[in-house]
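K.L.:
Kindly generate the complete structure, drawing on both the sequences and the hints.
Which chain is which? The protein sequence lines are R and S, in order.
Taking the numbering used here, the leading residue of the first sequence gets 8, the next gets one more, and so forth.
Taking the numbering used here, the leading residue of the second sequence gets 8, the next gets one more, and so forth.
Derived by calculation from the structure, the hints in this document are not laboratory data.
Watch out, some of these pointers could steer you wrong.
[What the hints assert, rightly or not] Simulated pairs of lysine-lysine, DSBU-like, Cα-Cα distance not exceeding 35 Å: (1) S:285 with R:274; (2) S:274 with R:363; (3) R:81 with R:369; (4) S:33 with R:246; (5) R:84 with S:274; (6) R:285 with S:81; (7) S:363 with R:274; (8) S:274 with R:285.
Protein chains: 2
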Amino acid sequence: MSDNSDCLSVTCQASPNIALIKYWGKRNEELILPDNDSLSITLDLGELHSDTTVSTSSSMTCDTFYFDGIQQTKLSKRMQKVLDEVRRRAKNDQIKFVEIRSHNTFPASSGLASSASAYASLAIALTKLFNLENPQSTAAYLARIGSGSAVRSVYGGFVRWSSEGECLSSCIYPVEHWPELRLIILIFNSSKKPVSSTDAMQRTRETSTLFQARLSTVNDKIEKLIQAIKIKDFNTFAKIVMMDSSQFHAVCMDTYPPVIYLNEQSKHLIDLVHAFNKTDENETMKVAYTFDAGPNPFCFIREEHADEFLSLLKHFYPSNNDNDNVHKQVSNIDGNFSSINLPIMANALERIVLTKIGSGPKII
Amino acid sequence: MSDNSDCLSVTCQASPNIALIKYWGKRNEELILPDNDSLSITLDLGELHSDTTVSTSSSMTCDTFYFDGIQQTKLSKRMQKVLDEVRRRAKNDQIKFVEIRSHNTFPASSGLASSASAYASLAIALTKLFNLENPQSTAAYLARIGSGSAVRSVYGGFVRWSSEGECLSSCIYPVEHWPELRLIILIFNSSKKPVSSTDAMQRTRETSTLFQARLSTVNDKIEKLIQAIKIKDFNTFAKIVMMDSSQFHAVCMDTYPPVIYLNEQSKHLIDLVHAFNKTDENETMKVAYTFDAGPNPFCFIREEHADEFLSLLKHFYPSNNDNDNVHKQVSNIDGNFSSINLPIMANALERIVLTKIGSGPKII
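P.N.:
Take a look at the structure:
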């Protein structure tokens, strides 16, 4: 925190999180109370994060918001809601206005929603700036009313967002618990914009005949997944994660009119992962995919299998571009993929992001 | 029936049927007893049908099967099962062997499963040839053990296949009940083979967490659909048909590993139909789609809207081929589709089939 004359300032970094058990459905739109518990991992700060600096001084006459250095004409309703809540909780009545400067280290085309990391970093920075009481739960509350699943980016490691009681989040296992777990994010070439998830989840709630059945399965699934994480049982972990992803996309499909996020590339990757997992003679799972409200897969893998999977990706998604950035990370392991009977899709991949679980937000 | 010396012969024509409420899941594999009731319309014989001739004579020494004039080396297990059941039911013990000659007027690429029309025509022809008792329910039984939903092609009009009691089919309303209903089948360009539906539905039963919830909604949906058909309420008809199609594809998606039949073209058509239905100022639905275990849509429409829909298809799926057969049926109605903000997909369509509800199989 820096303090020039009466100007106070705090900067916080936070990362996106990837849901292992998806959040889909709000029982309260204003407070963003979810219909079901969800579970996620928070990404490492190194590769992808949001940076948010909040400042306040007695000379400010209104709230201002700069995104990537450019002043925005208006604060969004959600950001306004967060600031109103901060002022309600702040003890010092003199403190009135705030300047917010936010920046993402990852482009929109990364397939990652930036709102989780943006609101988590904003919530933590504001909590610190105004010295709010119960800082952890306050930051989680502020992040949640800003952007639902941002509540999960307030912590590092494996994080659960509860749908009961105060509907806050908590760290189930820290990053150190399963250090060999890696994440490979595939960005497919696609210009198609996804359906807004806020609208889509509301439509699912209103029209899906299978939505209640999904809700009734979630808690049991979360308990089983936590147990698998506890004993680092990747086979069970992989199966539950993939099944929850499919169940989530199933209730999207069951929405009227249907919401379809997966595309041909997504389908190909799904088939590829299942075929690749079958190549292990001991039937040990090597990779698990999960898809959010978009076509790009997030793949979980243990470090020991990462090189083989990357060469699989190089084989099935070759790039014709000589200055190819996509596969630069791939070591030249020569995998034998002749048993996998799937078409090769040239130039399907735009980008690969290699990352891992992170330790959570950082005040800098 | 013709009778040369001791040779008896019967020919029957039957059409495919299109499920309005899908059959997905067998509780008995051998007898093909379905998990849920389903409802379909049988197509008109004019456009698409199977032709099956069965013959028997004392000089035959084995069963033989000719498909499109070519003798098959072996009868399929299912065909063998049908013949065994026929011999079990036949009173005349002398009658032993059968020659089957079958032919479809529609290609495999039509997106229509030919097994329903093939087994319905076979079952009816055999029932007649051997003068089996209770011919209607016997033919339905034989068709069902041959190929499940073939039981629905034994009748014309709107047909319900019951999942209880004897699990046979019955005509709910004859073809004359709703004569202005039309069917437009779109065949998209796609070389991809669908996952076998027999395997996929078994996998859904074993792995889908939402399958039971689907089953619990079906009977209520069928009652509402029958009521809509009764009063020719196209709006309700359309909504139920589209929702059941989506629910069916949702449980396929919820299968492990997931089964995904819809492709980019299917998604585009879904969006197009919903956008087109919205263009009516009275919010009257004009078109309903349904998808079986494949990417090609079956569209229901009343005759009065057919020309406008065909010109919509011509607009959004233009063909660059001058000898274009696809859009030859389209009258040059100039629809105003400027309010529909969807991409134009050139050469996406391989074929359009225009047809209607039929009166059922015919002995010729």
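K.L.:
Evaluate each hint against the coordinates.
P.N.:
Status of the hints after comparison with the structure:
no.: 1; hint: S:285 with R:274; result: holds, 30 Å
no.: 2; hint: S:274 with R:363; result: holds, 34 Å
no.: 3; hint: R:81 with R:369; result: holds, 27 Å
no.: 4; hint: S:33 with R:246; result: holds, 25 Å
no.: 5; hint: R:84 with S:274; result: holds, 32 Å
no.: 6; hint: R:285 with S:81; result: holds, 33 Å
no.: 7; hint: S:363 with R:274; result: holds, 34 Å
no.: 8; hint: S:274 with R:285; result: holds, 30 Å
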